[in-house]
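Engineer: Top to bottom, those sequences are chains A and B.
At position 14 of the first sequence (counting the first as 1) the number is 33 in our numbering, and the numbers step up by one without a gap.
At position 74 of the second sequence (counting the first as 1) the number is 93 in our numbering, and the numbers step up by one without a gap.
Don't take each hint at face value.
The list treats identical chains as one, so a pair stands whether inside a single copy or across any two.
[To be verified] List time: in silico DSBU-like cross-link candidates among lysine-lysine, alpha-carbon distance up to 30 Å:
#1 Lys61 - Lys139
#2 Lys246 - Lys380
#3 Lys187 - Lys145
#4 Lys50 - Lys377
#5 Lys170 - Lys187
#6 Lys197 - Lys174
#7 Lys145 - Lys43
#8 Lys246 - Lys319
#9 Lys377 - Lys197
In short, the hints are calculated from the structure, not lab data.
Number of protein chains: 2
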Amino acid sequence: MLNFQYVNPVRIIFGEAQYQEISKNIPAGSKILITYGGGSIKKNGVYDNVMQALNGFSVMEFGGIEANPHYETLMKAVEIVRANKIDYILAVGGGSVIDGTKFICAAALYEGDPWDFFAKRVPVQKAIPFGTVLTIPATGSEMNSGAVITKEETKEKRAFGSPLLYPKFSILDPTTTKSLPVSQRANGVADAFVHVIEQYLTFSVNAPLQDRFAESIFQTLIEIGEKYVKNLDDIETAGNLIWCATMGLNGLIGCGVPQDWATHMIGHEITALYGIDHGQTLSVILPGVMNVMREEKRAKIVQYAERVWNICEGSDDQKIDAAIEKTEAFFRSLGIKTRLSEYNVPANAADEILNALKEHKMIPIGERGIITEEKAREIIKSRM
Amino acid sequence: MLNFQYVNPVRIIFGEAQYQEISKNIPAGSKILITYGGGSIKKNGVYDNVMQALNGFSVMEFGGIEANPHYETLMKAVEIVRANKIDYILAVGGGSVIDGTKFICAAALYEGDPWDFFAKRVPVQKAIPFGTVLTIPATGSEMNSGAVITKEETKEKRAFGSPLLYPKFSILDPTTTKSLPVSQRANGVADAFVHVIEQYLTFSVNAPLQDRFAESIFQTLIEIGEKYVKNLDDIETAGNLIWCATMGLNGLIGCGVPQDWATHMIGHEITALYGIDHGQTLSVILPGVMNVMREEKRAKIVQYAERVWNICEGSDDQKIDAAIEKTEAFFRSLGIKTRLSEYNVPANAADEILNALKEHKMIPIGERGIITEEKAREIIKSRM
Chain A
20 MLNFQYVNPV RIIFGEAQYQ EISKNIPAGS KILITYGGGS IKKNGVYDNV
70 MQALNGFSVM EFGGIEANPH YETLMKAVEI VRANKIDYIL AVGGGSVIDG
120 TKFICAAALY EGDPWDFFAK RVPVQKAIPF GTVLTIPATG SEMNSGAVIT
170 KEETKEKRAF GSPLLYPKFS ILDPTTTKSL PVSQRANGVA DAFVHVIEQY
220 LTFSVNAPLQ DRFAESIFQT LIEIGEKYVK NLDDIETAGN LIWCATMGLN
270 GLIGCGVPQD WATHMIGHEI TALYGIDHGQ TLSVILPGVM NVMREEKRAK
320 IVQYAERVWN ICEGSDDQKI DAAIEKTEAF FRSLGIKTRL SEYNVPANAA
370 DEILNALKEH KMIPIGERGI ITEEKAREII KSRM
Chain B
20 MLNFQYVNPV RIIFGEAQYQ EISKNIPAGS KILITYGGGS IKKNGVYDNV
70 MQALNGFSVM EFGGIEANPH YETLMKAVEI VRANKIDYIL AVGGGSVIDG
120 TKFICAAALY EGDPWDFFAK RVPVQKAIPF GTVLTIPATG SEMNSGAVIT
170 KEETKEKRAF GSPLLYPKFS ILDPTTTKSL PVSQRANGVA DAFVHVIEQY
220 LTFSVNAPLQ DRFAESIFQT LIEIGEKYVK NLDDIETAGN LIWCATMGLN
270 GLIGCGVPQD WATHMIGHEI TALYGIDHGQ TLSVILPGVM NVMREEKRAK
320 IVQYAERVWN ICEGSDDQKI DAAIEKTEAF FRSLGIKTRL SEYNVPANAA
370 DEILNALKEH KMIPIGERGI ITEEKAREII KSRM
């Protein structure tokens, strides 16, 4: 395996009704801002539970953080943080709220234009501490230090991260998913699945434990994904789904192995340009990456076919074809459309997506930069 | 799955020749004590590399920490720490050196008799910070906060732990294993394997990802264990073995699942009474626990048989018998004897072991206290 460093200081608090742990993990006397999204937490009881848990603290709130959180929206929260000398933030929501909160925490203490974190790759030097109450299993943001932010003005969706942006703690309470709509559940499963693929489907570096950990997450998502999407009251399954999503992107399975992330990078541009959900764009693009890059990823796709899907008959190419088919069928079983044409993208989508990738210096992509402009075009066109 | 909290702040630094990372992770101006065992690090170059990496620091050393580190030995190091105002310790060795170092770090700042940590279960309130350079993959101590110490005077082998006793960093350099003797390699593999079994072979709580992570470690240890033990120059395999051992006991696979630890508790008494290596005692006792507790652990042993050993034919009891046989054969393939009689224990060993367990309030043991005195006797006798 490759050399690596790994450290992850996030305290995970898993279980039902763990709200009393929040106040134990926030310094006494903190001036807290709670951040959230469209307001579903006010309907499903999570907001009330959080506010009760914060009894005795000075608390302000900032709602309305949208999916693919907007720089423009988040900068309003930054103003509130600065004006009110907020010194702790509690993100209550899914990956968008948590990612947005990471940006707020860093931007509030940055003296220049916070878009510098993306445009100039300025490293984060200081950040307000924060915790999370996760309500949507998907992104893994609750146990990592990265975030993806969208600038609405220029339709740019960009990533950043810093060791200063790990949550201090994350409450993973499976009952918070009860009111989660089917589409958000499905997108979450797809997102988690593709996070794992990005850290697995590359080339072998003789890292058998990392391979098997990744396969463990695939197998579990395949086993419980559809059940989680369809049985809204199945809290046990939701708990297992949460743990898969958290483990899918907390750095562990990526230790000492090459990583791809091409599906995500192409997907980000599609979301930014056409407003298609993140999990949907991944489900569209992944089969194309697997198919077009089959030579470069051959050994790993065959291993994936055999171990994850139990496809043991036929030639390697037949196994690869079958594994791609099974993967796409898995996304469709969750109710996700897997073709760009099903989302009514314009006919010149491939050109637009490629231009955006080039503008963001994302070509070539993939492990070892194996996805050239030509390959990326082939991938996108094959998914129309 | 069960509710849980998980946090693990250890920085893992994996790879060859990472010694330059040591000084980056120790505060400037620290007065350092390096701790080690029998002196093999002076022959294999590790000591020289460490001393070179600590150039510029004030460094003292304490060698001679034995396997199953003795309270009596460690108290001598405590005196050195106190007398010289040591404020950072660097453990260079295997689990015994690291465990012993954890005790030194806590004892040096404790005002009473440090055996209170064991005899009175006094919680650790302060500890000197420490890092590790791991040289023997086995115990997982390099990424956890627990330790096992032996009081030679009374032949007691006891465990303690504290969140203050996580290493700040651990260097995992597979080349350090080059000079490791075959028997220590074999013991390490057995130790790691049984750590995982203790967190897996209990009763099901619907935690499919934890199950699969555990099975991943079993499968990898089975795949590479013998190769690691026999091919002393195979650094890649050593690296994979290290990662299995570290992941086997860093808390992760135990999140949200019941745990057993009976094999370890019985094994500790055998080591304390008869001086048999830790990994050997585990290899002796585990098959007995599996056999005698087959009713209580039935579903999980069958799952283990099917998924880990690919035993899919026959009745459940036949699968269990075959899985026990495969497990014992695995230990023997590493060169470990798996019967007490092969180690020349006295005829009344069962009584002596049981008396020690009772004296240390270790009966009943196992998940849900299912291993009564009678069952423990049956387990030990079945392994003569």
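Engineer: Against this structure, judge whether each hint is valid.
Structural biologist: Against the structure, the hints:
For the homomeric pair Lys61 and Lys139, neither the shortest alpha-carbon distance inside one copy (38 Å) nor that between copies (48 Å) is at most 30 Å. Taking identical chains as interchangeable, the C-alpha atoms of Lys246 and Lys380 are never at most 30 Å apart, the minima being 40 Å within one chain and 44 Å between chains. Taking CA atoms no more than 30 Å apart as the test, Lys187 paired with Lys145 passes in both settings, with 15 Å inside one copy and 22 Å between copies. For the identical chains of this complex, Lys50 and Lys377 are neighbours neither inside a copy (43 Å) nor across copies (52 Å), given an alpha-carbon limit of 30 Å.
Taking identical chains as interchangeable, the C-alpha atoms of Lys170 and Lys187 lie at most 30 Å apart only when both belong to the same chain, with a minimum of 27 Å there against 38 Å between chains. When the C-alpha separation of Lys197 and Lys174 is checked against a cutoff of 30 Å, the pair qualifies neither within a copy, at 32 Å, nor between copies, at 54 Å. Taking CA atoms no more than 30 Å apart as the test, Lys145 paired with Lys43 passes in both settings, with 23 Å inside one copy and 20 Å between copies. Taking the shortest alpha-carbon separations for Lys246 and Lys319, both the intra-copy value of 28 Å and the inter-copy value of 23 Å come in at or below 30 Å.
Taking CA atoms no more than 30 Å apart as the test, Lys377 paired with Lys197 passes in neither setting, with 41 Å inside one copy and 47 Å between copies.
When held up to the earlier numbered hints, the structure conflicts with 1, 2, 4, 6 and 9 and fits the remainder.
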